[in-house]
Amino acid sequence: MTHSVIFDLDGTLIDSAPDIHASANTVFTALGQPPFTRAEVQGFVGRGAPNLVARLCESRGLPHEGPEFDRVLARFLEVYEGAQALTVLYPGTRAALEALQAAGCKLGLCTNKPLAPTLAVLRHFGLENLFAAVIGGDSLAVKKPDPAPLLETLTRMGGGPAIFVGDSEVDAETAQNAGLPFLLFTEGYRKTPVEALPHDAAFAHHDALPGLVAAFSAPAVP
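In full-length UniProt numbering, the protein residues as written are 1 to 222.
Simulated from the structure, these hints should not be mistaken for lab results. Computed from a predicted model, the values in this text were never measured in an experiment. Backbone N, C-alpha and C fix where the C-beta goes; we use that ideal spot for every residue, glycine too. Incorrect hints may appear among the rest.
Said to hold, decoys possible - Each pair of labels, with its calculated beta carbon distance range:
#, residue 1, residue 2, range
1, Ala196, Gly92, 19 to 27 Å
2, Gly66, Leu140, 17 to 25 Å
3, Ala196, Gly61, 28 to 36 Å
4, Ala95, Val142, 29 to 37 Å
5, Asp207, Arg38, 45 to 53 Å
6, Glu65, Pro91, 36 to 44 Å
7, Ala39, Leu140, 44 to 52 Å
8, Pro161, Thr26, 36 to 44 Å
9, Pro198, Gly32, 26 to 34 Å
10, Gly104, Gly32, 37 to 45 Å
11, Thr26, Ala196, 46 to 54 Å
12, Pro63, Arg94, 36 to 44 Å
13, Arg38, Ala204, 14 to 22 Å
14, Gly32, Ala214, 47 to 55 Å
The whole structure should be built from the sequences, with the hints applied where relevant.
Below, the structure is given as structure tokens:
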């Protein structure tokens, strides 16, 4: 296989919603706010930590910009960077990544999660050495669905043919904007029906991923 494969992180390789939920409640209950449900928090995941915290603040009638918001965001990032205890790899993730690498694929990571907690969770699971490039939500001035983070990831991997793997509306739009094929993991955090999201193939278990990537890498039949 000759493709580079670039992955989203939250909702694609890891189920981090429990830790995001717990971190949000740690911060907001300290402010005297009632706890959020997991569904509330998960509904705001996908466009980066500043957007998540802004939406959470807005839902509780708190400022979602300015100095007070900045303090809440800074506290959330402080708590969240060390929050891996409740996060799990989706079944088959490690084996799929190792199989792709063994087959000759370069692997990259492009996420809207800030870079520090991204690197922390990769270290937590012992995955940091599998990725040739990692771009976080604060690595550039823009985030997904702007194509720049995805294209920068590919540039740092050396360019060439690539596939993007993600789970959400943001990921599907990012792949479209970047002009890359998109493989949709159906068990993540999307809200839109699978058939309504543009994608080249969909899968519900990571065991299927090496075969899907190989199909893209196979020469076309005349």
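Hint check:
no.	hint	result
1	Ala196 / Gly92: 19 to 27 Å	26 Å, holds
2	Gly66 / Leu140: 17 to 25 Å	24 Å, holds
3	Ala196 / Gly61: 28 to 36 Å	32 Å, holds
4	Ala95 / Val142: 29 to 37 Å	33 Å, holds
5	Asp207 / Arg38: 45 to 53 Å	26 Å, violated
6	Glu65 / Pro91: 36 to 44 Å	40 Å, holds
7	Ala39 / Leu140: 44 to 52 Å	30 Å, violated
8	Pro161 / Thr26: 36 to 44 Å	43 Å, holds
9	Pro198 / Gly32: 26 to 34 Å	43 Å, violated
10	Gly104 / Gly32: 37 to 45 Å	54 Å, violated
11	Thr26 / Ala196: 46 to 54 Å	35 Å, violated
12	Pro63 / Arg94: 36 to 44 Å	41 Å, holds
13	Arg38 / Ala204: 14 to 22 Å	21 Å, holds
14	Gly32 / Ala214: 47 to 55 Å	54 Å, holds
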